[in-house]
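Trainee: Sequence:
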Amino acid sequence: MREETDVLIVGLGPVGAALAVYLGGMGVSAIAIERDAGVYPLPRAAHLDHETMRLLHLAGGAEAVRQASQPLSAYEFRNAAGELLMGFRADRLAHFFHVPSADA
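Here UniProt numbering is used: the first residue of the sequence shown is 1, the next is one more, and so on.
Rather than coming from a laboratory, the hints here were simulated on the basis of the structure.
No residue lacks a Cβ here, since even glycine has one placed at the ideal position from N, Cα and C.
If a hint is listed, it holds; no wrong ones were tucked in.
Simulated restraints on C-beta separations: (1) R78 - D49: 20 to 28 Å; (2) E76 - I31: 40 to 48 Å; (3) I31 - L84: 44 to 52 Å; (4) G13 - F77: 17 to 25 Å; (5) Y40 - V65: 12 to 20 Å; (6) M1 - A81: 49 to 57 Å; (7) A68 - M1: 35 to 43 Å; (8) V65 - M26: 18 to 26 Å; (9) I33 - V65: 21 to 29 Å; (10) F88 - G25: 31 to 39 Å; (11) L72 - P41: 19 to 27 Å; (12) G87 - E3: 47 to 55 Å.
Whole structure, please, built from the sequences with the hints as guidance.
Mentor: In C-alpha cells, the structure reads:
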C-alpha cells in the first residue's frame with residue numbers, strides 16, 4: 001500500500017494531534033501515526049496557559065477544554081508527606097485537567 005501525503009506526523013500526543021487538526025484545517029494532507037493502540041492508562045494532570053487556550057480556540061476546541069477543566073490561579077508543590085515545598089500565584093488564569101479524559 002502506498003499513499004502520498006504532504007506531511008507525516010509521527011506521534012499523536014498533544015502536539016502531534018494539534019498539528020494534525022491545524023494542518024487539516026488549512027487543507028494540507030497529513031497522515032498521523034502512533035505506536036500505542038490506546039490511551040495511556042496511568043493518571044496524569046496538565047496545565048494549559050492562556051496561549052495554549054488561544055490556540056485551542058483557533059482549532060475550535062477551547063470550549064470543550066473549559067468544560068472539562070478547572071480554572072487554576074495558584075500552584076502548590078508538595079512532597080510525599082504533604083508538606084508545602086513551594087507555591088505561587090499564576091499571573092493569568094490557567095486551566096487544570098485530567099489528561100486521560102482529554103486523550104479519550
